[in-house]
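Asker: Chain by chain, the residues run as shown.
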Amino acid sequence: MSSPFHFKTRLNLVELLGRTARDVTELYDGIREVSGSSIYYHTHRFLQQHHYLYPEPPNDFAFWISQALRLEKLGEQLASVDTIKLVRIGDLRDRYLEILRFFLTQQELSGRCQTGEEFHFMSCRTFILPTHHRAENLREFAAQLEQVSVDSLYFHMFEARLRLGQDINDFSRWLSVMGYESLAERIARLDPYTITLEGLRRKIVALVQEHDQN
Amino acid sequence: MTKIEEYTPIVGQAVIDELRLLGERLAGRRIKNVNSTAVGGGVAEILMRMIPLLGQLGVNAEWDVIRGDDHFFVITKKFHNALHGVHEQILDEDLAYFLEINRQNASTMDLDCDILFIHDPQPVALIEHKRGGRWLWRCHIDFSRPDERVWAFLKGYVSRYDGAVFSAPSFARMLGIRQILISPSIDPLSNKNRELSDEQVNEVLDRFGIQRDKPIITQISRFDYLKDPLGVVKAYQLVKEHLDCQLVLAGGGATDDPEGAQVLAEVQQAAAGDPDVFILFLPPASDLEINALQRASDVVLQKSLREGFGLTVSEALWKGKPVIASAVGGIPLQIAHKYSGILTHSVEGTAYWIKQLLQAPDFARKLGQNGREHVRNNFLITRHVREYLLAFLAMEHRGDVIQL
Chain A
1 MSSPFHFKTR LNLVELLGRT ARDVTELYDG IREVSGSSIY YHTHRFLQQH HYLYPEPPND
61 FAFWISQALR LEKLGEQLAS VDTIKLVRIG DLRDRYLEIL RFFLTQQELS GRCQTGEEFH
121 FMSCRTFILP THHRAENLRE FAAQLEQVSV DSLYFHMFEA RLRLGQDIND FSRWLSVMGY
181 ESLAERIARL DPYTITLEGL RRKIVALVQE HDQN
Chain B
1001 MTKIEEYTPI VGQAVIDELR LLGERLAGRR IKNVNSTAVG GGVAEILMRM IPLLGQLGVN
1061 AEWDVIRGDD HFFVITKKFH NALHGVHEQI LDEDLAYFLE INRQNASTMD LDCDILFIHD
1121 PQPVALIEHK RGGRWLWRCH IDFSRPDERV WAFLKGYVSR YDGAVFSAPS FARMLGIRQI
1181 LISPSIDPLS NKNRELSDEQ VNEVLDRFGI QRDKPIITQI SRFDYLKDPL GVVKAYQLVK
1241 EHLDCQLVLA GGGATDDPEG AQVLAEVQQA AAGDPDVFIL FLPPASDLEI NALQRASDVV
1301 LQKSLREGFG LTVSEALWKG KPVIASAVGG IPLQIAHKYS GILTHSVEGT AYWIKQLLQA
1361 PDFARKLGQN GREHVRNNFL ITRHVREYLL AFLAMEHRGD VIQL
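Residue numbers (my numbering), protein chains in the order written: chain A, 1 to 214; chain B, 1001 to 1404.
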């Protein structure tokens, strides 16, 4: 007998590190030295704060490089890092550093941003709480998923995988244990970084309902 | 008193459930807020709404106000200006008097709490009298270019706190304590923001003699140099050369702001003789009037030179209004330029965009709609309550990932 799925939620408290960057070199140094939580925050913040606006994940590093330093090509390279393929925050950090290092070795000079447009390094502390939502079968799972907050959806799809070091999202893991391997696989294959959170919710609910009816 | 459940239709049941879960984790703690004014200004407004909601979530939250005479508030007003980067002459005896008033307050105030949440510089030195508990300093003002002497003085006290809370990333400083980012918020159910009927809006306009036959441009703010009301009058005058319109400058004063009367007089002089300019000095209980004036407006301005956060921007956005505001303090967090409002840097730029928006109502409407959704997701009081609860919980836990 498999155990039910307990929905959890996660809530972030943003912290300011008091560290800024004014050019690519300072951004590189910062990315190298700040905590993994800071890298996580700057690459996932947009997903939450603008989840109804943009499906794409314009991570803070890419956004700042493009907007404040006007280095559109470099910004695009940073924005297009395939986050879903990178399992650990450390892998993400290494990939950004690699791109920035290559840029710095190719360019003799890169300008500074205007005063007031500095990059502010931040971080987040994440609180994980159990919710009252639970599911014992596919029908209940779809029904509960429609009701939980976007924070809960976010936790199970993003945080559990990248932040807590699991190699697969929570939903797929539970569905696999329940014997729904193909459904688990289909959800795991979704790229949650190219869809809004509400769109992601609708998509997963539809996949689960479709599987339940067949 | 507003019930927490009343927010459900606006933010959804799940958001309210999460607040309750967090509240349960803080049961039994005694949390005290301290600021310097019970009425007027954004801080008092937030606390007035926040404290009852925290109570409904099972959190024992209190609010105390420090007492000071006119001399003390003249000094703290100088601090306020200096921290916003304005040059002020502050004497050693001013600093000594400031500390003395803090000492007097500490001797009469019950500071035996689990968490002390101290708002802004006025009561910052209460930390000298810390006997226990966790102390958080909440800075509501624009700290991006503070006067170094005043900041050096205050830093000696701030760095003794267990953590500091700022409203925008650029306000963070090199401090040896944890610094938290929490944006302020508006209450969609308050008299200042709740839905009003056309009759209610018209009644307010009639009372002030404002006509609806020509566009209304409005700035709601205290009469304070840092809100640049004189710049607003100039921008309006530039627009008026080409488009017939009205200007409403409305705001009140706070008990800790002795400068307001002087600013008001200068604004009245700058607009003298123009029957289409309405300068309204409103008493503290004018929330419905402010709500109606914002709802009646075609364009809302917030042309501040410095800003802590600029909550009036969120208020106007929540009412679906196109807002033109300066890119200072927390305003860029509320407005994405040309998406959820307009960011400007000068009187001329403000005038240019007023003309644009008055003549492109579809674009103006779209800005307002986007702005309202942005506020719904990021700047309503429910998000603010959640982050305060998290900040209190953060004082009790270590690590970046906390299982509650």
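If you are wondering where the hints come from, they were derived from the structure by calculation, not from laboratory data. Check each hint, because a few of them may be wrong.
Calculated lysine-lysine pairs in the BS3-like style (CA-CA distance at most 27 Å, straight line) [as the list claims (entries may be wrong)]:
1. A:K73 to A:K203
2. B:K1240 to B:K1214
3. A:K73 to B:K1338
4. B:K1003 to A:K8
5. B:K1130 to B:K1032
6. B:K1355 to B:K1366
Distance windows between CB atoms, simulated [as the list claims (entries may be wrong)]:
7. B:L1099 to A:D91: 14 to 20 Å
8. B:H1397 to A:R112: 35 to 41 Å
9. B:G1399 to A:V205: 32 to 38 Å
10. B:V1074 to A:G36: 58 to 64 Å
11. A:E33 to B:G1156: 24 to 30 Å
12. A:Q147 to B:K1338: 45 to 51 Å
Small disclaimer: the values here were computed from a predicted structure and weren't measured. Glycine included, each C-beta is placed from N, C-alpha and C at the ideal position.
Asker: Does the Cβ distance between A:Q147 and B:K1338 fall inside 45 to 51 Å?
Answerer: Since the Cβ atoms of A:Q147 and B:K1338 sit about 36 Å apart, the hinted range of 45 to 51 Å is violated.
Asker: Is the distance from the Cβ of A:E33 to the Cβ of B:G1156 consistent with 24 to 30 Å?
Answerer: 28 Å, holds
Asker: Next pair to validate is B:K1003 with A:K8; report whether the Cα-Cα distance is within 27 Å.
Answerer: 25 Å, holds
Asker: What's the verdict on B:K1130 and B:K1032, does the C-alpha distance respect the 27 Å limit or exceed it?
Answerer: Satisfied, since the Cα-Cα distance of roughly 13 Å is no more than 27 Å.
Asker: Do the alpha carbons of B:K1240 and B:K1214 lie within 27 Å of each other, as the hint requires?
Answerer: With a Cα-Cα distance of about 11 Å, the restraint between B:K1240 and B:K1214 holds, given a limit of 27 Å.
Asker: Does the beta carbon distance between B:G1399 and A:V205 stay inside 32 to 38 Å, or does it fall outside?
Answerer: Holds - the Cβ-Cβ distance for B:G1399 and A:V205, about 33 Å, lies within 32 to 38 Å.
Asker: If you draw a straight line from the CA of A:K73 to the CA of B:K1338, is it 27 Å or shorter?
Answerer: 23 Å, holds
Asker: Look at the Cβ atoms of B:L1099 and A:D91 and judge whether their distance stays inside 14 to 20 Å.
Answerer: 52 Å, violated
Asker: Within a Cα-Cα threshold of 27 Å, do B:K1355 and B:K1366 meet the stated pairing?
Answerer: This hinted pair holds, its Cα atoms lying about 16 Å apart.
Asker: Does the hinted range 35 to 41 Å hold for B:H1397 and A:R112 at CB?
Answerer: 38 Å, holds
Asker: Straight-line Cα separation of A:K73 and A:K203 no greater than 27 Å?
Answerer: Roughly 32 Å separates the two Cα atoms, so the pair is violated.
Asker: Verify the CB-CB distance for B:V1074 and A:G36 against the hinted window 58 to 64 Å.
Answerer: Taking Cβ atoms as reference, B:V1074 and A:G36 lie about 48 Å apart, which means the hint is violated.
Comparing the model with each earlier hint shows violations of hints 1, 7, 10 and 12; every other hint is respected.
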